[in-house]
Structures are given as C-alpha cells and as structure tokens.
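There are 4 protein chains.
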Amino acid sequence: MSLKVLNHKVKTAVIGATGFTGEKLVEILLKHPGVDLTYLASRTPKPVAYSKFFGRFRKKTNLFCEPLDIKKAAKKSEFLFVSLPHTASMEYIPYLIMQGKKVVDLSADYRIKKASNYKKYYHKAHKDKVNLKKAVYGLSEIFKDKIKKAKLIANPGCYPTSVILGLYPFLKDGLIKGEVIVDSKSSITGAGRKAVIEYHYSNIANNFWAYKPFVHQHVPEIEAILKEACGHAFGLLFSPHVAGIEAGIYSTIYVPLKKKISRETVKKIYDSYYRDCPFVRVSQDLPKLKEVIGTNFCDIGFAISPDSRYCMVVSCIDNLIKGAAGSAVQNMNIMQGWPETLGLL
Amino acid sequence: MSLKVLNHKVKTAVIGATGFTGEKLVEILLKHPGVDLTYLASRTPKPVAYSKFFGRFRKKTNLFCEPLDIKKAAKKSEFLFVSLPHTASMEYIPYLIMQGKKVVDLSADYRIKKASNYKKYYHKAHKDKVNLKKAVYGLSEIFKDKIKKAKLIANPGCYPTSVILGLYPFLKDGLIKGEVIVDSKSSITGAGRKAVIEYHYSNIANNFWAYKPFVHQHVPEIEAILKEACGHAFGLLFSPHVAGIEAGIYSTIYVPLKKKISRETVKKIYDSYYRDCPFVRVSQDLPKLKEVIGTNFCDIGFAISPDSRYCMVVSCIDNLIKGAAGSAVQNMNIMQGWPETLGLL
Amino acid sequence: MSLKVLNHKVKTAVIGATGFTGEKLVEILLKHPGVDLTYLASRTPKPVAYSKFFGRFRKKTNLFCEPLDIKKAAKKSEFLFVSLPHTASMEYIPYLIMQGKKVVDLSADYRIKKASNYKKYYHKAHKDKVNLKKAVYGLSEIFKDKIKKAKLIANPGCYPTSVILGLYPFLKDGLIKGEVIVDSKSSITGAGRKAVIEYHYSNIANNFWAYKPFVHQHVPEIEAILKEACGHAFGLLFSPHVAGIEAGIYSTIYVPLKKKISRETVKKIYDSYYRDCPFVRVSQDLPKLKEVIGTNFCDIGFAISPDSRYCMVVSCIDNLIKGAAGSAVQNMNIMQGWPETLGLL
Amino acid sequence: MSLKVLNHKVKTAVIGATGFTGEKLVEILLKHPGVDLTYLASRTPKPVAYSKFFGRFRKKTNLFCEPLDIKKAAKKSEFLFVSLPHTASMEYIPYLIMQGKKVVDLSADYRIKKASNYKKYYHKAHKDKVNLKKAVYGLSEIFKDKIKKAKLIANPGCYPTSVILGLYPFLKDGLIKGEVIVDSKSSITGAGRKAVIEYHYSNIANNFWAYKPFVHQHVPEIEAILKEACGHAFGLLFSPHVAGIEAGIYSTIYVPLKKKISRETVKKIYDSYYRDCPFVRVSQDLPKLKEVIGTNFCDIGFAISPDSRYCMVVSCIDNLIKGAAGSAVQNMNIMQGWPETLGLL
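Residue numbers (the working numbering), protein chains in the order written: chain A, 1 to 345; chain B, 1 to 345; chain C, 1 to 345; chain D, 1 to 345.
Check each hint, because a few of them may be wrong.
Identical copies carry no separate label here, and so any pair may be met within one copy or between two of them.
Straight-line C-alpha distance at most 27 Å; calculated DSS-like pairs for lysine-lysine [said to hold, decoys possible]: (1) Lys-11 to Lys-119; (2) Lys-72 to Lys-227; (3) Lys-46 to Lys-129; (4) Lys-60 to Lys-268; (5) Lys-227 to Lys-134.
Just so you know, the hints here were simulated from the structure itself, not pulled from any lab data.
The shape of chain A in the complex, shown without the other chains (with noise of 0.2 Å):
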C-alpha cells in the first residue's frame, strides 16, 4: 500500500454497532488504514463504551456507542455503514443521502428494485423510492464499474453473496437449460442476535434442518440480481438450512447444463470471469469452509456429473465477512478509490 492513501483518513461511522454485523464491521474498520472510526450507535438507551458490550475490544478502542442520532452520526462521519434491521434503514438513510454523505446499507431496504417484491417479503411498504432507485447492488465482482460513482450502496444478503458469485458465469454464457437447484446451509449467526430459546446452545450445537425452503426473503434478491447481470430470467428453487456450526455459509449449486462441458471448461470460464477480483478463489477441487473463515474470500469449485447434464458449483463464504462487513468495506475501498484489498487480506 502507499502511503499516499492514508493522507486523508475517512471520517466513519457505524450504525447499529452492536449487531453480529456491527461488531464484525467494527473489529475490520479499527485496522483499516483508511479510515478513522468517529461514531457508533445502536439502541442502547446511553451511550456505553464499545469495549463494555464486548470485552474483546478493550485496549482496542476507546469509542462508546451511543444512542443513534442522525443529525449527530452525519456531523461526525463523512462515510457511514448503516447496520440496521430491515425497514429500519429506510427511516434514516434519506437524510443522510440529503447530507452528501456516502452510505452503505446493510439490510435488504435498497437491494429490491421492485416495491411489490419488497413489500411481499419484508411487510411493509417501501417509503424511500428515490433512493431505492439510485441504489447500487454491492457485489463487487459484477457491478464494481457502478460501484466506484455511487453513493448510496446496497450490501448484498449473505445467501445471495454466495449464490451469486457461484452462477454468474454460466448464467451469463447462457449455459444453463432448466432450473437451478441450490442447497444452502448457514451459521445461524445469519439470523442475527436475538434472545429466543431456537438459538440457544443446546438447540444449536450439532443441530441441521431446512427451513423456508423455496420461499426465502433471498430468493426475489438473488432472481432480480442475476437478471439484471445476465439478462434473462432463470428457473431457482433455493433451500437454505441451518448448520450447529460458529460461522459461514456453504452453498451447493445444481445447475442443469445446457451441453457438454468439461470441468477444465467451466474452471476456465470461471477464472475468466474472476480474474481481476482478489476475493474470489476458482478452484478444480471443492472447497472446505474453514478455508474462508475469518476472511473475505469466496471460494468456488466444480464437478461434472458421469452423464454430463449436470455441474455442481459450490461456492462458500463467512457470511459475516464476505457475506457482509467484509464486502462493506470492499465496497468503500472501490467507493473511495482505495486499493480494493485494503484493510481486508
């Protein structure tokens, strides 16, 4: 990295710090040499030090996290990373929009173009379409060029992160003939962090079910998405689990060919649709989970079926990271013009 990047650090704030989410964007942003973190707030009815709700931050930093004011969060921070629940967002985010500031959400508010869809799926009509409209979809290895001019970025879901990167190439070669099978399973960390007894320990730990199968609020996100990126509509039936595991999501993706294709083939597209993004790891081999923990990475890997019709894709990622504050600050990095690895290997 040079050193002229760190001239002007970034003014930047956090909204809804004390999320899954939130902590993961906090511990990433406290080391990223871009960036001066100014202000985080979340429900807390005062402010408290950060390192009081988690103790893992202590002698990391002196921030408190204080009760969201907007007025206050805009004043202090020129970059924003707002980690709301869904429909939450929306409250806030046109005033800061107003404010010129540059903006990544975090909750599905911007992700879904169509108000029906997002009405449908999140309850509650949408009140910010303005917005919605100017909003870019965050995936950094399809719409980096939109990306880099926008101010207003829609992070993508976790499920979606994974899915996407794992079809977009042969999507967009037009390879697939017939529907899509993906079968994904998720660290219930995805759900966020609630007291309900589903998410205690015990019912937890060494636990696996499917649930939401077909009908997941993912599903119209990742439709829409490869749609926009490809062009042409495609058959999905999407079925997500949840794992006893800490971390991560792992997707398997059973995608029906539309000829014969060798696996060299399809690794060959894929790096060539990957080459430039330093996230994303194409590999003839299928990947492990643990691989990606802890990091940015998605990693991606293929098999052919013995008749040929069929080509597993597998792609994987932490959903904390690359499935959401990783891919945040990918997207500020590409935003500000920054080294798109920065703060993030």
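With the hints as your guide, set chains B, C and D onto chain A.
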C-alpha cells in the same frame, strides 16, 4: 413386552466390536432383553476387557474383546453381527452361514448384487457369490417379509437408509419425472474410526465440505435397491457432504414431479407406506436433525416448490443407529419374530 | 430383573416437564419398566401434545403436557417428580405430601435445612418448614437407608452431586487438613432453558468462563450435607465455570492431606465406600467426561502431588442425568424397593 | 505507525511452517508491515506451494514450503522463527546464531536453563549449552529489556504464558503464602498437529479431561522463570486439562494470601505491573475465553474468597497466538525496535 419373548436369550456375537458401529452395537445389545452377548472380537492382538477400550462400558459389562477366531465365534453364539471393513466380511461369513448361524453383516459386502459394481466401488472381486445371492437387504421398512425368513442380512449403508426411505413412496407410486438430486450431510463418524490428520478435531469442528459428488460408493446401492423395490430405474445425482457435527445424516432430496401434488397428498402417501413402520416419523414440518440423534428413528418431512414442479423431501437419521447398529438390531428383532422395537425405544 | 417388580406399574407424574431436567425425566421414565407415566405439567397455557414441545418424543408417547393442576396431578399419580424452579416447588409439595404421595423434588427447596441459608441464597423465606424437616437428601450413595423410608426427597444439585461424591470418603475418614479447592466445569444446560442472549449459541460455543466464585448457591448445600454425613465441618473454596460443551460436569478437587498417602490407598478407601454403589466408578486413571455423558454414572479418579501433600480428586457426571433426572429415578427405585439400577443402565 | 518503520522490510523465515504454530506465524507475518516473508520450511520431501498445504492461503501468498535446508534458510533471511518439535530446534539453532541471525525459537529447547530439568522432561541431553545460556526467555511483559538486546529468544510455552502473567505481580510483591494451585484448561491444538486416534474429532468434541497432573513438562518452566523474575521460589501444583474447544487456554489460579487484601487493591497491583503492556487486560470481572480468541491479548481477572484467605486469579489467552505465534512476533517487534503491537492489533 411379554415374558415369553425373554424365555430364551439368544447368544449373540459382535465381530468388529471396536469400530464406531461395533461400539454402538454393543451398547444397544447390552440393554436388549432378548440378547445374551457372548462374544466380542476385533483386531486386538490379545484379549482385553472391553471396558479398557471404552471406559464408558465399565460396570456395564465384563466381556473381553478377543482376536477374531471365527470358529470360536460360531461356537459361542447363535446370532452374529459382523461389523468388519468392506471386503473383510466376505472372508468369514461363508463359514458362519455354513454353521447354520444367523448373520447380520454391516459391511457393504452383501449389499450389491451385481458383482461388477461391487468390484468397481470396493476394488476387489467378490469371493462369496453363493451367499451374495441369498443375502437379504435389511431395510426393514421395505423388505420385512424377506427379512423374516433370512439367514444373512446385508445391513444397509447409512446414506442409502436415509435416501431410500425418503424416496421410496414417491418412486413406488411413479410420481417422479427426471433426475432426483440428493444433497446429504453427514457426521464424520460415517467414515470410521481412523487416525488420519483429516479427521483431527481441528479439521472437522465448524467445518463443512462436499466430497465424492456423484461417484460415492453408495450410489449403486441406492439405485439398485430402489430399482428392485419399485420396479423401474430413475436418475440420481447424489452429493454427500461432511458436516462438523457429532452424529447424524441429513438428506435433502429434490424430486421433480410428474404432476402437481399438494403437501397434504404427499404426506398421505408417505403415511400409508410407513403406517406400520414404528421407526419412521412422517411430518408436514421439516425435521430437525437433533430429534433423531440417539434414536433409531428416521424423520421425514416435505415442501412443495411454488410452481409445484418439485417436492423437497427431507430425511434424517442418526448415522450410527438407524444408519447402522440400530437397524441391524431391528433386523434381528424381525428375524427372531420379536417385536420390531424390542430394545430400541 | 424379575417379573414381580413389574406386576404393578407405578402411576407417575412429572411436574415441570418442559425444562431440561423435566425432558430428561420423561425420556428415562418412558423406558422404565416399573413406571406408568400418567401426568405431565408445565407452564403451558393449555394442554399440548408433549411431542409438540419436543419432536423427538413423536412415536414414543402420546401424552399431553397440561397446565399444572395440583389436584389433578395428585389424583392421577402415586409418585411425583417435581421439577419446578426454586421457590416454586414449596408452593405445591405440602399438598402432595398431605395426600400421601411420594415425591422427589428436583428444585433446591428442600435441600437446605437451615432456613436462613435458604433465604440468603434463594432470596425468599421458606414456606414449608414442616416438610423441610422431614425431607431426605437424595444422594443415594450416602443416604440410601433414609431414602428407603422417605416420602419426600430433596434431589441433590448437579454440582453438589459431583463434589460430595468426590469428597465424601476422604472427609469421612478424616484425611483432610486445610481448605479444599473445587474447580468445577459445567455445561450451560445446568442454568436451565432460558431465552437470554448470554446463552445464544455464539456466546457459548468454544467459550469458557468462571462465574460466582466462592458464592455459588450450591456452596451451603455441599457444606451442610458433607457436615451431616461426616460429622465435622471443613473449609471449601468452590469455583464453578461454564464450558462450551453440550453436557456434563467435571469437578477437579484439590484436597490438602493430613498425612502422606499413596494413590493405591486412596483408591482402596474409595472402593470400600462405593463398593455397593452401582453408579460410582472409581479408577486410578483420570476420567474423561464423555465416558459418563448419557449415563447415570459418576466417574472418580485421583492423582497425588509429588510432595504427597495434596490429592487431586476428579469427579464427573452428566449434569442432567446423575446430576438431576437420573439420580431422581435412582431415588425412586430405592423408595420403591426396586433394584437401584432399574431403567437406568 | 510511522513510515520509517517500513523503510526496510526484514527478510524473515519460518522453520516448521506446517504445524499449528507455524501456520499461525505465517498468517500473522503475511500481514505484518515490517516483514518480508522469504523462506518457509517443513518436513515436506519436496517444495510444495504453501497454499497446497493450507487452502486458506490461496491468493494470500505464492510462497513454497521447502524441505529444511538450514544454509539456505540463513542465506534467505535475517530473522528466523524456528517452530520445530522439542529437541529438534537445538540441532539447527547454533548454526543460525553463528551466522549472526536473530532467532525466536518456539520449542522448549532454550527455555529451561537447568540441563538436568531439560533432560528429565524432554528425555534428551541438551546439545547447545552455549546458546542455552545466552537465550532470553521471551515473555515480553517481564523481560522486555533483555529481549531488546537478545539474539536468541526462547519463546514461552502456552501454559507458562497464562500462568506466569497471572502470578507474577502477586509473587513479585511477596503476597503469597503456601502452595499455589493452577487449574488450566486448553484446546487440543496445544498438543500439535498429530494423526492419532485420541485427537479424532469424536474424541475431543464435547469432551473434557485432566492429564499429567503435577508433572506436566511446563512445571519446571513456570517455576524457574517465576523464581528468576521474583527472586524466590514458591510451591506450585499445576493441573492441565484438555477441553473440547477449538482454541484457547483458561487458567484458574488459586493463590493463598499472606494477608487480607481487597479485589480493588489486587487490581491496582496488577494495573501497575502491566501499565505499559499493550496486550495484558486487567479487569475486576472474570474474563471470558472467547474475548481473547484470535487476539494476542492475555485477559486477567480476580475474585477474593469470603474469608479473604485466597485470591482466585483467572488468566486466559489464545494458545496459538499469545501462547505461541503472537508472542513470538511481539518479541520480534521488540528486538527490531518496532512498536510492540505492530502487526498484532
């Protein structure tokens, strides 16, 4: 249970008593009211108290585990569970059958009728074609009538148990059109008790990965048995995964449907097939793996895709119980004319 | 087991059937050959199939769990396990005793004879001093004779079970000089089934911490019972820890010795005290926690310090079985004159 | 950090790069702004891309790991981390020192000054008494001044790091009277990456056990270093345990007090000793292990017994970071005159 059942306890042996499956067999058989455990053998060079191998058996049994002496085994028992590695079982079983013993073999040696398939997947020519022909595939829910009269049971593999039980009613009723995709997740115990670095705690905990896609040795077993049971072949794409969990198999099965069908109808079909099966629990909800761990149950649930073209069937078991030792004892119960659940609930 | 035992099955209730302990009780009692489970109650607002609470009980029981009606409970059962929160038990137990029922109470309400200690640690004055006086502390290994004749059992706490069994022979023989330090590690299930963020999977998995050192509510229980059993007080420093494990308590006990003693002698002393105790396994080796998980055993082992001034005693149990539901059933067996191990091996 | 620090990157080698510690060293050093990693060696028979050993290093480094050639190692680097098994280090280090290199040795070979103790615990006579004498024990918090000038660092053992940091201020101030009992719990990674059945996932997950009580090889290290640092000996009873957790050491230390002392005073004493130590976090609360995992921190907390005769000190670390690789890099930072936290926060 009636007392008469217990009038005569059956002298029983476990050959291969120190593997994961053998250990689980001993645990179940020690509590079984119809069984007198008389002989345990393994690769130990000299007789050792079984509780020296596994401290958890102290004050539960004084049995020794001996170097395998097949004549002694036959002399000391009427009923034998053979839990040796694949290709080793067929060395000993001919002798036991010749001696008029009843045998449940837990290896793959008598599961695959087609010798060429056996050789392809287990890398050795079959040596005992006479008994191979007579052996009955011990999936109690489908082959109970044959099991009742059998002398030699080929106990099903763990993946096949979950997959066949999940698919059988659908296939039997001819409701499937096109290729079935099976995404299975298993505990590493399915791979046996081996001292390899890949199974080190740090490599398995919180890890997850796909392996042997489409070419796992259980593919021909699943295909052949379902063809035998249902009378027609079908397309299968089987993709196993290792999950960082202590026990269990969770199979998510994507079934392309010949015609529209409701979840209620699917449930009725499964209910009718499994009405008399005490260890299959059919539900409209999706099962959670932990509910079958430590039990001999197979839990099955469903979801229908919004376009009604696919049914997702979920089928899960404890891989060492319903997937091995438990179903072996279930077979014994049927062979002995005992209640099917004896010693298993 | 002889048939006579089973001639009359005892109608049995579980009050508080949806906590961790209640659930384990139901699991054990459903398999118990002397028990007819007739009534389950919890805080549920209306009767619900027990298998709706816990799917793992499907096809194992058709019982419903009802809102607690203490009169109905008394009418429908001869023997009652009361597994209510501390301070709630004493509201209901007087009525049950008055009705001539036999009761095992799994709360702390009848464990501590000294009312001031009860108030200090459970923050409420005791309401039922009559029965408090008559209640027998249900540690079968020490108080079997009293348990045989008891109507009301105060079932021991989980930590006290492991600590008292580990210390009793030493203390009884007067071999201790100075303060005993007990470092105990427990699964979080010991804290009950609560929807709090602290018990979220992500906070427990791979975590470990000390809590309530020296002042845990089990301290007065351990001290009073050992004083009662051995006739003299002793100094105790008790330090509990939460370990990120699914089940179990592992207590490492540091005993300052009055005089030199060999490991062999220690083992002999323990062997003689626990000779007739089917659920205590004494060993010269140090026990591993997993060997007692899922069982009613307490495993005990030793080491002597090089200067022979200290003996380290290790004592471990499954906290929900020998530490709660299992020992409760062991007490029932003794109260009923059944074999102590009935339904527990 | 100032730019001048980075002017010259130090050519650095890791000898023994495929063990748990070596892998962690590579991970840290790849991100370290002062380091140019130039040479990796292990027991591999031929050079292999390091990312072939550990897929998680793909796109992070193109380095190869080579069969150890000590001359090449010396030629290619100025600073070497030697992470070989005990008794192997002393074969190579004399040459490196002779060549004027700076070395941090992560084995036990240079930690124990008394050769007879070395032989007793590591079963081999010491071969390099010259350098043994010169080597500095690399516990930065206590020996920083010596470390600054050292050429050869004996990096502390994992248990000793947690225990010595937990005891040092107390012992230094002469507040201890009688024997200190240390009950430590460690992840199995501390035992190295070995393909043995004891470390199989199924033997470690959810397990817990004590081992080598009082006679662990780290006892003489703890005793000698504390004596050197504090000027007087003390009685130590050290009892290590294996915990079924992925990472970390949690030491609970029972200190008999010479006189009454409050928790506040204890905290003040520790604060004063560790005021300038960026990686020690002293707290009145008891630390949770997970707060140090993935970091180079040592968290310390306290409790005083009700009779004020004992203080319980808790000290926890990530065993592979502050207990090995992290502290090794901390030592490098000090030896190079860099900020102590460089590359470690």
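Practice item. Identify every previously stated hint that the structure contradicts and give their numbers, smallest first. Key: Result: hints 1, 2 and 3 break, sorted rising.
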